[in-house]
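**Student:** Build the full structure now, drawing on both the sequences and the hints.
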Amino acid sequence: MRVNFTVNGRPQEADDVWEGESLLYVLRERLGLPGSKNACEQGECGSCTVRLDGVPVCSCLVAAGQVEGREVVTVEGLADFAKQRAEHGGCATGACGTDGKAGTSLQDAQLGVPPGGAWGRAAKGQDSQTGEGTELSPIQQAFIDAGAVQCGFCTPGLLVAADEMLEQNPNPTDADIREALSGNLCRCTGYEKIMDAVRLAAARQGEAV
Amino acid sequence: MPTNGAPTKITQGSQTKGGIGESTLRPDGTLKVTGEFAYSSDMWHEDMLWGQILRATVAHAEIVSIDTSEALAMAGVYAVMTYDDLPTDVKNYGLEIQDTPVLAHGKVRHHGEPVAIVAADHPETARRAAAKIKVEYRDLPVITDEASATAPDAILVHEGRDDHHSGHVPHPNIVHRQPIFRGDAAEAAERADVIVKGEYTFGMQDQAFLGPESGLAVPDEDGGVHLYIATQWLHSDLKQIAPVLGLPESKVRMTLSGVGGAFGGREDLSMQIHACLLALRTGKPVKIVYNRFESFFGHVHRHPAKLHYEHGATKDGKLTHVKCRIVLDGGAYASASPAVVGNAASLSIGPYVVEDVDIEALALYTNNPPCGAMRGFGAVQACFAYEAQMDKVAKQLGMDPIKFRQLNAMEQGTIMPTGQPVDSPAPVAELLRRVKAMPLPPERQWESSEGADVRQLPGGLSNTTHGEGVVRGVGYAVGIKNVGFSEGFDDYSTAKVRMEVVGGEPVATVHTAMAEVGQGGVTVHAQIARTELGVAQVTIHPADTQVGSAGSTSASRQTYVTGGAVKNSCELVREKVLEIGRRKFGSYHPAWATAELLLEGGKVVTDGGEVLADLVDVLEGEAVEVEAEWRHRPTEAFDLRTGQGFGHVQYSFAAHRAVVEVDTELGLVKVIELACAQDVGKALNPLSVIGQIQGGTTQGLGVAVMEEIIVDPKTAKVRNPSFTDYLIPTILDTPTIPVDVLELADDHAPYGLRGIGEAPTLSSTPAVLAAIRNATGLELNRTPVRPEHLTGTA
Amino acid sequence: MDFLRPASWEEALAAKAEHPTAVPIAGGTDVMVEINFDHRRPEYLLDLNRIGDLYEWEVGEDSVRLGASVPYTRIMEHLRAELPGLALASHTVASPQIRNRGGVGGNLGTASPAGDAHPALLAAGAEVEVESVRGSRRIPIDEFYTGVKRNALAADELIRAVHIKKADGPQQYSKVGTRNAMVIAVCAFGLALHPETRTVRTGIGSAAPTPVRAKAAEEFLNAALEEGGFWDNGKIITPSVAKQFADLCSAACNPIDDVRGTASYRRHAVGIMARRTLTWTWESYRGTAAHTEGVA
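Chains as they are written, first to last, in our numbering: chain A, 4 to 212; chain B, 510 to 1303; chain C, 301 to 596.
Treat the hints as calculated values from the structure; they're not laboratory data. Just so you know, not all the hints are guaranteed correct.
No farther apart than 16 Å at their CA atoms in a straight line, the calculated lysine to aspartate or glutamate pairs in the EDC-like style are these [as the list claims (entries may be wrong)]:
| id | chain 1 | residue 1 | chain 2 | residue 2 |
| --- | --- | --- | --- | --- |
| 1 | C | K543 | B | E977 |
| 2 | B | K641 | C | D338 |
| 3 | B | K1223 | C | D558 |
| 4 | B | K945 | B | E959 |
Examples of chain C residues lying across from chain A (beta carbon under 10 Å, computed) [claimed, not checked]:
| id | residue |
| --- | --- |
| 5 | N349 |
| 6 | D353 |
| 7 | I398 |
| 8 | M482 |
Glycine is no exception: its CB is placed at the ideal position from the N, C-alpha and C atoms.
**Tutor:** Here it is in structure tokens:
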């Protein structure tokens, strides 16, 4: 079947979709947006969290056919999404970023990307080496600054969930943060640095207002 | 250049920003937060096929027949392969013992063993095709525990063993056995005023890394294959893959793709050979991605264990002796079992001084799921048991458990049960003191003016208590873990470091085959290069097999060994740079010949701080490159009868204090705080160090209260292969984890550092158990503790 | 597999009539797991996402008509006063992401004994509005669950809404799982006081082949409250009454040993939850709500 929907503000069309495919599969394998992660495919880990018409959902549990005509925001579109929100009266993002980075680059942006134009389909014309200079949303920057990223597999889903929480609740208590992120498993960090990152993003958001 | 055993000079890159000791940020951080970092499951290639594995539905059976005809006839199916289609005589693989069939041959030995593989144009086509393969099994009795494995008439899991352990094991269903005798435990027992015996059970834990096993194999024009893969050790994979494919190693090119966590679970092969076989068979790129269900069958787990301990002590609190017997269930294939046995035996009594010991550790072959490496590697199971024992002995003696531990704590100079002296700081008593000194979290934090906040109570959002039945408990534990590969293994790493001018700036490139699995090795390598070479810009080359082996990202060893290799290669590069400098500018300043010279802040400077030249000028028109191997000091095997030997490179110590609140009526546990004190030797990146400690601590918490792969004892089948029923801690289960980092340099190690990744996983579990015992008064001799165990309803 | 996308309720009923084996999918939180793990390959998937009516609710005089697909998040946020038991139950469902998608219709359709909504519906009193091209009917909740993962729906029927009695007294809900969030029930318990009729109702989840009420416990408690004049005098319920109520709730269980828990633990835990929820609701009835309500 064919599915038409909007991803990160752009109309997308997926063809020859098998009826049992999930939104997650379509994003990752058909639209070149592998940022949403496939850690459990049973709604238990939150790594595939996207916003569907604004609402955070596990994209692995949304049938592809169900997104016809709807709007999806993935981690790849999070920075733009946050920027637009800020321009429409939210927090003045961008004022929040710090630059404590020393000059390190990973030589190949996509570590181990196969040759032969394998990533020619990438929806976003990304050609940077490390993503440095990429504009980030406050929550993305906070995750980097607080050391909340280790293997990073849970990170995209956590970012989408945390960003939405801060949108709803700009001054969360620790218990609020834990509750809001209880659907996102992380196996590396023990969550402490994730807590730090969300507190940091909230604080920066507060300062910027 | 540091030599084995010689002290290493500790240099501080004070003039160069972003050097060691600073909390620099991850070079892959931006890519990871934007979703652009390419993990192995994100690999994609035009015209690629999808691979699917058909797995055994029974744990132990003869394969009577396999019929693939229907599957092969399906539209969209490009290949179906079974054992009979393997291209060479090498049909097995394995880390140490090559006992694992690439595809089952004649029989299957565990639930989920790969039997056939399929390549098709869509994952669903591949799944349907796999489902159409008809396999007829004839059931065999299942071996599930020590009794069934070593019974006189026990069926052998592996017939005709000829591996290097087969000669010395008491039974062919025992993979490896390591006794350790020192002193005379029987005689020492006579001196004991109290003797405490205990039997303990440790459940099967899963690494539960979030990134599933996955990769992409692309056939090369020269008949070879290029594999993009998530692994812990590229070169170890390569050595096992190439012979099965019938290719020279040079024709199997491996590039590390993004790794979504590992924790030991990627030390063995999973889908690597299968993807390569299908790619070579079809001539098309083949991608394989396990789903979570399959992942539970696709990698080895932490060994479940039965542990029997006897501790003796005198009235004044000195340990007299320890006797113990540790039986690890290795499952159907050897994997890392022999090394796990060595660790369990040599670290079995913990970080204590005991002169007289009688120790035995062994791993069984059974038809349970294969077990192998997981963070803590044999030391975890022992720590759970010996720390429970230490509390029991202290209680019998009427002593404070911390004081009792401190009284018996090892220190630098202590002789291990293996006869090996501990020759670097071992601040066991100090770590306990520090963790105890941390302020306790306030009582009843869940109480607020608006009533009870269930999120902070046992049961959490499930609203099971508003304070009823809730009792607080506090418990302590400390552990010892070895760092690096032990028992005589040639544990080395390789680093290629290049220095040149790019865009008017001196730039260093570091190329290793180290698997970055999230631990932050790439961050640290850049820091080391900055410190040693005085440059601001460092490029980390992707890890691949175009450079020598880095060894495994395991055993807490990468910062030590590959960090050491990077440091060593940087030093060699520095010498060459200085040679060039002397050649070009030596005549301008006498210090070029007389002073000790450093590279700092992009300049060549004397140790007195005088600037001699800009690196840009020295390197103008010249590039310097060095690839060199680096080894830590050698170790030796443990004697097979006595267990004596200089087996370990370095030890790592952590202590925990757990504060829990237990709903004693419902048996639900909320861990309120898990404080940790750890000696890290030297924190090369403090932020990453703390992240490692908190992450390791949380995995220990998981196996204390929820994580266990449940295997049916009658059928040896896994009952909970999903994240619905194999539970790992959520953010609401995880407490605050304050960390106190101690830095006592180990003079044998680069920068004095100590491997850190595993130690916090050891002591976390027994600390939580001790706290639950403290709250409930129950004995609790198994982990994980389930509500049934706390309510007498098991 | 075919994907049917009806644009209206009438189209959905027609599709279900034409393809009785079609599996309805709304939040997808049950169906997609089965598809992703290759446990199920339905011939037809019947998508209900485009039927706006299913996402609406109406608060009436005596009851709330809750559309089958109203997400749990909405129930927590908007129906706490009218349906406190169900709001508490909704809060225990999986994770925020799942609560944003899943609704009571899915729980009823799957009819797993572990479904979180069931004990709350049983305790509050409810009727399930189901419909087919043949017509509409209301199935009392007590008659809805017919076996393990079986319900009273005919093959051509779809669940349209649930009519749940508005709370006329305090309600509570408790669920045991071995994790502090995102956990499937080992067992669960719902309790509703109905001061208007001077009755109590209960619901037990995951401790019998179907969700059940502890009717003997209800009858005992109804009688004990009446006899002691508790509804009028607002006295603290005596421990012996609470204990017997808890014991009778335990006795109403018919649980199994499985990978999530033992039968013995389930019986035990239901008793504890029964006693505690009775205490909380009764304290609330006596007017000290501030100290006893859980956070919904």
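**Student:** Which of the listed hints are broken here?
**Tutor:** 4, 6
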